[in-house]
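Undergrad: Chains as they are written, first to last, in the UniProt record's numbering: chain A, 1 to 467; chain B, 1 to 467; chain C, 1 to 467; chain D, 1 to 467.
There may be inaccurate statements among the hints.
As the list claims (entries may be wrong) - Derived, one-sided and incomplete: chain D residues facing chain A with beta-carbon distance under 8 angstroms:
{"id": "1", "residue": "ILE116"}
{"id": "2", "residue": "ARG346"}
{"id": "3", "residue": "THR349"}
Said to hold, decoys possible - 30 angstroms max Cα-Cα, derived DSSO-like pairs, lysine-lysine:
{"id": "4", "chain 1": "D", "residue 1": "LYS324", "chain 2": "C", "residue 2": "LYS301"}
{"id": "5", "chain 1": "D", "residue 1": "LYS401", "chain 2": "D", "residue 2": "LYS75"}
{"id": "6", "chain 1": "D", "residue 1": "LYS75", "chain 2": "C", "residue 2": "LYS75"}
{"id": "7", "chain 1": "D", "residue 1": "LYS301", "chain 2": "C", "residue 2": "LYS324"}
Said to hold, decoys possible - Every beta carbon over 12 angstroms from chain B, so not counted as near; a handful from chain C, in silico:
{"id": "8", "residue": "HIS20"}
{"id": "9", "residue": "ARG38"}
{"id": "10", "residue": "GLY114"}
{"id": "11", "residue": "SER119"}
{"id": "12", "residue": "HIS128"}
{"id": "13", "residue": "ASP137"}
{"id": "14", "residue": "HIS150"}
{"id": "15", "residue": "THR225"}
{"id": "16", "residue": "ALA333"}
{"id": "17", "residue": "THR348"}
{"id": "18", "residue": "ALA363"}
{"id": "19", "residue": "ALA364"}
{"id": "20", "residue": "ALA388"}
{"id": "21", "residue": "PRO444"}
{"id": "22", "residue": "TYR452"}
Derived from the structure by calculation, the hints contain no laboratory data.
Keep in mind the model is a prediction, meaning the values are calculated, not measured.
All residues carry an ideal CB built from backbone N, CA and C; glycine is no exception.
Protein chains: 4
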Amino acid sequence: MWGDPNAVALTHLGLHTLQHRGQEGAGIVGFDGHTLRRHRGFGLVSQVFADPADLTALTGSAALGHVRYATAGGKVLENVQPLLFRFSDGPVALAHNGNLTNAVSLRAELEANGAIFQSTSDTECLMHLIRRSHAGDFTAQLKAALNQVHGGFAFALLTPSGLYAAVDPHGFRPLVIGTLASGGVVVASETAALTAVGATLTHELAPGELAVITDAGIAVSAYTTQTELAICSMEYIYFARPDSVIHGVNIHQARVRMGERLAAEQPAAGDIVVGVPNSSLSAAMGYARASGIPYEMGLVKSQYVARTFIQPTQDLRERSVRLKLSAISSVVARKRVILVDDSLVRGTTAIQLVRLLKDAGAAAVHLRIASPPLRFPCFYGIDIQTTAELMAANHTVADMKELLGVASLAFLSTAGLEQAVGLTTTAPHGGLCVAYFTGEYPTPLDDYEVAYRAELATLHPDVNVHA
Amino acid sequence: MWGDPNAVALTHLGLHTLQHRGQEGAGIVGFDGHTLRRHRGFGLVSQVFADPADLTALTGSAALGHVRYATAGGKVLENVQPLLFRFSDGPVALAHNGNLTNAVSLRAELEANGAIFQSTSDTECLMHLIRRSHAGDFTAQLKAALNQVHGGFAFALLTPSGLYAAVDPHGFRPLVIGTLASGGVVVASETAALTAVGATLTHELAPGELAVITDAGIAVSAYTTQTELAICSMEYIYFARPDSVIHGVNIHQARVRMGERLAAEQPAAGDIVVGVPNSSLSAAMGYARASGIPYEMGLVKSQYVARTFIQPTQDLRERSVRLKLSAISSVVARKRVILVDDSLVRGTTAIQLVRLLKDAGAAAVHLRIASPPLRFPCFYGIDIQTTAELMAANHTVADMKELLGVASLAFLSTAGLEQAVGLTTTAPHGGLCVAYFTGEYPTPLDDYEVAYRAELATLHPDVNVHA
Amino acid sequence: MWGDPNAVALTHLGLHTLQHRGQEGAGIVGFDGHTLRRHRGFGLVSQVFADPADLTALTGSAALGHVRYATAGGKVLENVQPLLFRFSDGPVALAHNGNLTNAVSLRAELEANGAIFQSTSDTECLMHLIRRSHAGDFTAQLKAALNQVHGGFAFALLTPSGLYAAVDPHGFRPLVIGTLASGGVVVASETAALTAVGATLTHELAPGELAVITDAGIAVSAYTTQTELAICSMEYIYFARPDSVIHGVNIHQARVRMGERLAAEQPAAGDIVVGVPNSSLSAAMGYARASGIPYEMGLVKSQYVARTFIQPTQDLRERSVRLKLSAISSVVARKRVILVDDSLVRGTTAIQLVRLLKDAGAAAVHLRIASPPLRFPCFYGIDIQTTAELMAANHTVADMKELLGVASLAFLSTAGLEQAVGLTTTAPHGGLCVAYFTGEYPTPLDDYEVAYRAELATLHPDVNVHA
Amino acid sequence: MWGDPNAVALTHLGLHTLQHRGQEGAGIVGFDGHTLRRHRGFGLVSQVFADPADLTALTGSAALGHVRYATAGGKVLENVQPLLFRFSDGPVALAHNGNLTNAVSLRAELEANGAIFQSTSDTECLMHLIRRSHAGDFTAQLKAALNQVHGGFAFALLTPSGLYAAVDPHGFRPLVIGTLASGGVVVASETAALTAVGATLTHELAPGELAVITDAGIAVSAYTTQTELAICSMEYIYFARPDSVIHGVNIHQARVRMGERLAAEQPAAGDIVVGVPNSSLSAAMGYARASGIPYEMGLVKSQYVARTFIQPTQDLRERSVRLKLSAISSVVARKRVILVDDSLVRGTTAIQLVRLLKDAGAAAVHLRIASPPLRFPCFYGIDIQTTAELMAANHTVADMKELLGVASLAFLSTAGLEQAVGLTTTAPHGGLCVAYFTGEYPTPLDDYEVAYRAELATLHPDVNVHA
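Chain A on its own, in the form it takes in the complex:
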């Protein structure tokens, strides 16, 4: 946020709104007119800012906030963002969403030239590249640096002079700009945060764009022309909030259409449609509408986080897991339940849910997944970096049906997913990255390539990695 007297308080609200994007840590840097001050910590925003004094200490007219969702870098405080650098020519704060594919080789090269890293996060590379650039001003140095990092990223930087925001050349990760009645400018990952702070959407960053926001206004320019939209399809499937809009498409409605499309592609002989709360309710509603089978509240999610501990017996361990969700017996008893889930990752939750429904008396469970089978890792910022954890990467659909104990199991097709999202673009796959489903990566894999090819040769000998 830039140019609003309540920048820190509004950023705090915005972080709460985007809490679903990362729960491992949080931080806010505020600009008080003189310098940048930071508070950060592990845990949820409400835990990190449990003491109001930590927030009020940051008051200022500009702020940069971050919630941490770990894909790379260990769990040490140094890695919790925004990173904050104090130079003799002024401080710079840096926040990052995404994953760089060439971070390891960049770091090795920088270190060989005397660079000292303070975090193990890939994010820090950008700052070293900026400081070692001989380009003219900060914007020019930043553009030079952005052209050296590869992968999926949305970067935001705050200095006493301005706020800088950039997305990678494929736009893997979303970034929107809004304006406030006060004249202030907000940059955020999702429109829900704009709504939360009362801002109006004015621009969505296109692949390869850099926005420079200063007291002189918003200047958007391209730092590269080699671009092609491939936004992460998981944003639409489960990651983003239902009330957000990305590239003109409301998330809830995209999910309803995924459910409708799934019903058309994969009908099931059920009595009721039940969604997994809360992320799959939209898709379940779509399935129910398209199939004409009644939508029912067969599962209830607890509104409280139950903190449970290492339990002495297997029975207690299972009961602890179930505290989060419970079945309404009088709804599901003696019914053939069509259970709709947004995605199938490891399968552990699905196994629990199927057992829960059967214990509550369900006659049969037909599992319908409103996305294609996840078979390949993501290198652009979703925490699926090893296929060993993916149920669909290691089993056939028939096998999974047995493992899950369901009467039938079916997935949405990749084409169906692309149509359900329905972006207006000529880019491949309707502008979506569907690499986790197909193995077709929009970019070279850089530092990950060797290990990935080795893993692939074992798991999917039939697939060719993107060259």
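Put chains B, C and D on the given structure of chain A with help from the hints.
TA: For chains B, C and D alone, kept in the frame of chain A given last:
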């Protein structure tokens, strides 16, 4: 819980399941074969037992847990239950759900005879009455004491010899007994807790019953014959979990029927039906079904608790409140929304929601409340003790419609509520206490009577208090 | 403290001054003009009041503070004083220094009559006795209660009407009254606390006296005439601060005289006199003066509390213990050291010190103890309740010399102690209780008598317990 | 510490022993055979390692610990040492005692070449210099770097290969090496830490020396030949522990000699000699011996740290300060007290002490300071960086006498100090740095020179700064 080696761990799970019944504090007393040990504190179960060591220190074969929902007594640790008394003839733990109407006069009388109270909670009276009883054994002393306390209550006591559970002569507050495969016995406020620990419902305490659970088994007897069922209707309307069953009626389904009945009694010219998440989704579903108007997900509830602080501006204060709920603009824009809420207490949340929907583009909002107008205080354990806070006690429906800014406003009738719940009983009002809607109290008001009559004379000069 | 606008802040200072009298817990009750408020906790005053808000919440014109030194009652918060009772006729706070000999039998009798205790501390008995007294006013009820409790005690009670302070009929525990320039009145265990708050000593409570301090002034009266001074000699030996004055005798100077007397009674062939810091420096100085042997700083005490943990090896365990004290090698090397300690309890510290001095090169260590051998338990408030822990109760002087590894070992005589203190009184033993040295108890032992006689029969078959 | 299985536990003991050298923060880095792990925090060692788990997590055969005494760098966790750097070729930990005079210019130059600093501490410069050195191995790079930093320093570095320790070319700050029975090697600021861990002193680092400790043994070499001993005289005056030995001189005995010398130079007509506990007791003892005037315990220091808060009145503020020290009235009353203090910095404590003694009845106070007047700042690691705070830099002795309210005031001479310490050396000022007394600095002042000359021109127009 009595007679299971994991009694403490299971009680901990049970408290998580019943967290919705009280968030002010929590505590567990465990019986380790020799003595009773306790851990208690302010806040949620997950906060009170944040340190696993506090739980493991309590290991034993019997346990008593409590979550605090304050209706009487100040916010001091002494009042957080279970209360624990150490006598030279052994310890006794005591937990209470409800509110006593004659606590003040009982306490005054006891003190005049030298009693020293350690809490300001009305619960403690019971223990003094037990200790001063000259009846034969502990069960007899307890029965004598139960006949001296008035109001709505469910008591549970734990001693090294047994677990004791009793409900008041009108059964205002629910209490169920379940058995485990291990032979252990569980007593809980709701069946959801039985499900959570894997117990099967074996008995629901009838008004005026006392259950004595020892190693010899479960013995249920009546401590009075002057009984008549008048269970709190708020349990069905919003207090209990949707997956619980009270007196044979599933809560979710009762709420669906309240919605259906409301649609029949109070139709509305709307395009979509939207429920207030999460408590009113059942009623909204019922309203949609009965009216044939589509049920839509127009409001989204955040799954994270946002901790916000005293905000410097009115705008920030309002934005903070809205973090909890947000509207999906693409769903509600240009639609006439029928907003279904389970009840209308102060009206402050409803005002926010209506504004939220209108800001998101709703053409109109028709508010439908799936319960009758709340006009009178509760003296039996629901925290509505002064009518000054009740919107419907101070305004006509027409006035409220204006204050809320809705196109129309309507409530479910008391008769409709009674039929929707549908208990099998010949007791008045279908076995429900509907005093908050009608002013007809099933018992004398004892210590509250004078103040209540005075308040009533001002607010509702037309109503006669129960004599 | 009564009648000063800064009563709470001054009480806080006073508790810091008296921190040496108890480190297990602390608490303050403040009277804000309406009611009594309390904050208490485990640990040092600085830990219990680590958050300034806890102190400022207590602001008022009267206050009662306490530091806990546990002799009876378990380590539960309920036992941390002041105890606070809320009655319908107003609150009462209660603090106690000492130990009651008939607490167990009093409690049993009270419970049999329906009393419910909230702590396991013997202190609470007094309040039950007060509340059950049928005497006229509070002062009369308190006097009646004081006549029912036996042992060594100094009680202070605070009500909205006044501050009450009383000592037992033998004056085992000290209590002084001072007045402030503001007109406020302070009661404290030692004069050092009066000095700390700027008060002037106006009265020292005589055995069997009760002081009632109200806005009308200070009224001192006797609640019994059966009195005889027998103040705890350990107060002079090591318990009280060197800058305090008890019954007209300065503690530091009494200790110097104990050292002088010890030098006369038990000379030693040494080169330097070294005291154990800090409690034995006065006695060592006295020994050096009387003997003419140079006083040297051979041992240094760390000014920081080293928190060490369970150590993996015996060597590390010993090193951890030594962090507290260290020897100055260049001072003690090749010297015959006369080590002066104030008392010898278990002997564990003495063993460490002797080894420390020898490791630093001392040629020999002559240990001189500035008090008689501790052979009997104390039942009046010093935490020596079992003789099994006392080195001198289980070994001869010759044996102890071997165990401690010293060249010689000698103690001050009881007569020498009495003369060194030098109270102006005709009471036996110069007005001191010397029971731990001689086994002659000034009072019946009540509830302790049977167990004590049994222990004694084994350890000291030659001694007759006081009949 | 290098090469002992209990390296971390012993380092922890050592830090406790050296706690007096820094109380702002503490940290330990342990080498577990694979990598370096760190725990650090603000406060005392006992606070930073309050949780034993934080210590046991560091177990290993080598360790580096540090207590922070802030002279430069803000109070942010990043500045708490040891600093820990993780390079692709392995980790390095770095700890520093002292102050660099050219840190600002070094940092500016490094930043201009792309360096990113993670702390604001001057210590970090050394690591950047090492990493940018093109010398052969780590030892060669370290030597190159040591030749680029100026000022007073003792550095210790830990890598998986070895422990490195170096002192500056004037030996401003002490560093000793000891060996354990286990074969382990310890490096510490003071010999007291060697004693605490059971090590024997084997070498004291001479100016300009670097010790490299590996599994192959201890290799000491000079990294420069331009050396001249000028050890900080404040180490002897008050900083080091009385039981430590620096360059062959025991601290306690050096202080006794300062007191003796002071008595000879500055006699006083007093009845008793009283030292300020605890740091000035040695000097007071020396003064008493040389003058023949009795040494008395007139002041008592509390063994507990009193945590006091912002007090509402001036009277309460003064009383809070006095909690730390109190006078024994019966010792000082009607006596002419010769009060001996080790040094006079701001004078605030001295003013309090004089008032305390007079309030306790002292007839007169003669203040004797066992070191010369502090008139100039220190740039080598003692936290006296501005003369504005130094009483003697701003007032004549006559003025100070009035301000302090003493009967007479006198200081030890610089020559007296040098003789009292008595180092065996031909270096100027007997091998001591006496710059704070004389303004003669052993090195150029580098980055401090301009500001210092400006300050000096105002305060001491008569003095020439070292050219």
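Undergrad: Next step is simple, just say for each hint if it's right about the structure.
TA: Hint check:
no., hint, verdict
1, ILE116, "holds (6 angstroms)"
2, ARG346, "violated (30 angstroms)"
3, THR349, "violated (31 angstroms)"
4, D/LYS324 / C/LYS301, "holds (16 angstroms)"
5, D/LYS401 / D/LYS75, "violated (36 angstroms)"
6, D/LYS75 / C/LYS75, "violated (38 angstroms)"
7, D/LYS301 / C/LYS324, "holds (16 angstroms)"
8, HIS20, "holds (29 angstroms)"
9, ARG38, "violated (10 angstroms)"
10, GLY114, "violated (4 angstroms)"
11, SER119, "violated (9 angstroms)"
12, HIS128, "violated (6 angstroms)"
13, ASP137, "holds (16 angstroms)"
14, HIS150, "holds (19 angstroms)"
15, THR225, "holds (28 angstroms)"
16, ALA333, "holds (48 angstroms)"
17, THR348, "holds (30 angstroms)"
18, ALA363, "holds (51 angstroms)"
19, ALA364, "holds (49 angstroms)"
20, ALA388, "holds (24 angstroms)"
21, PRO444, "holds (22 angstroms)"
22, TYR452, "holds (21 angstroms)"
Hint check: violations occur at hints 2, 3, 5, 6, 9, 10, 11, 12; the rest are consistent with the structure.
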